[in-house]
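J.: Assemble the complex: chain A is given as a structure, and chain B must be docked to it using the hints.
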Amino acid sequence: MTGPVLEIRDLRVDYGFGDDPTHVLRGVDLTLHRGEVLGLAGESGCGKSTLAYAATRLLPPPGLITGGEVWLTDREGNRNDILGLTDAQLRAARWRDVAIVFQGAMSSLNPVFRIGRQLTDGIRAHRPGLSARDLEARAAELLEMVGISADRLRAYPHQLSGGMRQRVMIAMALALEPQVLLMDEPTTALDVVMQRQILEQIMELRDRLGFSVVLITHDVSLLVEVADRIAIMYAGEIVEEATAADVYRRPRHPYAHGLLGSFPPLHGPRRELAGIPGSPPDLQRLAAGCPFAPRCPHAMDVCQQVRPVLGPPRTGEARRVACHLHGADLPGDVAFPAELAR
Amino acid sequence: MSTYAGTPEAPAGASGAPPSDGPEPPVLEAVGLTKHYPVHGGGARGQRRSAVVHAVDGVDLSLHRGKVVALVGESGSGKSTIARLLAQLQPLTAGRLLLRGDDARTRGRRAFRRYVGKVQMIFQDPFGSLNPVHPVRYTLTRAVRIHQGRLRGQELEDALAALLERVHLTPVERYVDKYPHELSGGQRQRVAIARALAADPEVLLADEPISMLDVSIRLGILNLLADLRDRLHLAILYITHDIASARYFADTTLVMYAGRVVESGDSESVTQRPRHPYTRLLVSSAPDPDALAERAAAPPKGEPPSLVSPPAGCRFHPRCPFATDLCRTEVPPLLDVGRGPGGEPLRAACWGWSDRDGAPQVPADEGREA
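First to last, the sequence lines map onto chains A and B.
First residue of the first sequence? That's 0 in numbering that gives the first Met the number 0, and the numbers climb one at a time after it.
First residue of the second sequence? That's 0 in numbering that gives the first Met the number 0, and the numbers climb one at a time after it.
Every clue listed holds true.
Which bits of chain B does chain A cover? Going by a derived footprint, with three or more residues having C-beta under 8 Å, they are:
#1 215-227
#2 244-255
#3 264-272
#4 277-288
Residues from chain A that keep clear of chain B, each with C-beta distances beyond 12 Å, as calculated:
#5 Pro3
#6 Arg11
#7 His32
#8 Arg33
#9 Gly34
#10 Pro60
#11 Arg74
#12 Gly103
#13 Ser130
#14 Arg132
#15 Ala139
#16 His297
#17 Pro311
#18 Ala327
It should be emphasised that the hints constitute simulated quantities derived from the structure, not laboratory data.
Don't be surprised by glycine CBs; every beta carbon is placed ideally from N, CA and C.
Excised from the complex, chain A in its bound form:
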């Protein structure tokens, strides 16, 4: 059950060619274990979608992978670098090993084909020997699995509600029983009630089918509920990675702390919240040092000059944080903020 299934090592992505590209991913390290739900949180433009597309080599130009490795361990235990696969190998691995539910999945269905045909498309490509009857049976099974009755196979996308279209996309992604399911903001366009239905369904399917999930969203409070581990991204790097409970109860990075304070609570005491002052950085004009320093309430001199490295905090906890406050050589005269030491 355990053991890594997807290992991303020092992945780097630039947007734009020539002398002055924008560095959108700057050395991302991330490991997804078997059967795990890994949450990837961050604001728009922090590179979380880019990470998903780069790791599957779906990144469209002008996106360019400039370095790194993405190791995928398949069912037989073979380790392959996705970035080194040939086109034929890549084509075979996609959807069979790694499947994606895209952002705006509601509009990812082709409006002129029936749901059934779109569901079987991928299966037909990967298993050319299957008969039409088998294909249809499999498509019906997939629809039933996500809670849609099989007589909807002959429906067109416009005849389904937004939530049902989203379920069709999830059924499609699970058609070949992938080991890794990447979900890029799968419920952002849906209402909270539908969001909960769909997420609970995915979690139930994961327990049954045993795949791993990377769930990308900007809604940290949602991740705290459904994810096992959470990685928080800022300006193209991971700034904190820990178990969901640790991120929520004991955030270590000032940005993680600020992000959690950006969601007004539905229960408990009402208190004044401030969000995070300033606005997300322009990746084209990143200064040296910590990218969060201009908005950070605890920024020190060293933060302006040296970029912190993602690693275990000084206390030796089993988590990673990229912040000088938690570095080994914190000057003794710096008052350590209490809210980051809980």
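T.: Frame of chain A; chain B shown alone:
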């Protein structure tokens, strides 16, 4: 700042009790607000030619100065339609619109301009609501000249500076000559708010003002609106799908489902002790990291109904676990179900709070104490 200055004192519903410091009439009041959109050629075989979408049906709403009313509901529940009706961007199908007690419905451009001077609107998408080919100065100058007369020179500069300072875009010189693409989403939304303030309005209609913004800057915009409410004594209608932010920001919360208001009251009561089964579903579905253990095992089922042929009776009855025959046949009115902490009425459109025969047995209180 008084975002959390105790309990709201304003009357909650359309006919609420007067606040303690004397009766203050609502600035803008809607009675029986109804909007039906005709749909043509509905149905595959050409039947239902005269079908309509029941976007909003019989909504009562009143906005008071210095108070925020939140309108919460899922997409398609009619909340944005209400904003457009209140802004008179679309004509009403039925109902009345009262500005300071007088019929506010305008015919003709001049009357509309006068109305717009009192009631301004902020839109969801600050990337689309500012013209990309004009700098901030042009956008604001136009609004100032329309609403404050033909200011020139230093007078105009002072007016622009005052507006930008009011939305905390300082130093003013840094922002006034910027184009929208040079500003972040939050800054753009601040410019859109400044443009609305140029009219010196009494009412601000904010249609999902933060849902397109980065999460870390959303609260900054909400706090700004709260600040404007207090300093300029604005009446704000805050439309949102996020019930937690309604609790944070609004004094009064109305919950909408399929074109009707199903629950109203002070925000704290509505979110902490919801009475209507739909509000309970909404509250229990919202992400809440602290409520992991107590989540109900059965996931909620069902989807909002078609608004072309909405269900008879209570529109929530197909999804409601307590529905009875009464719910399927008769529309429940907004019933008084209690009092908020300031004495304002709490209302829910659910037969479970009536003593009619065949009324559903809705558990009295699922909510927990704050």
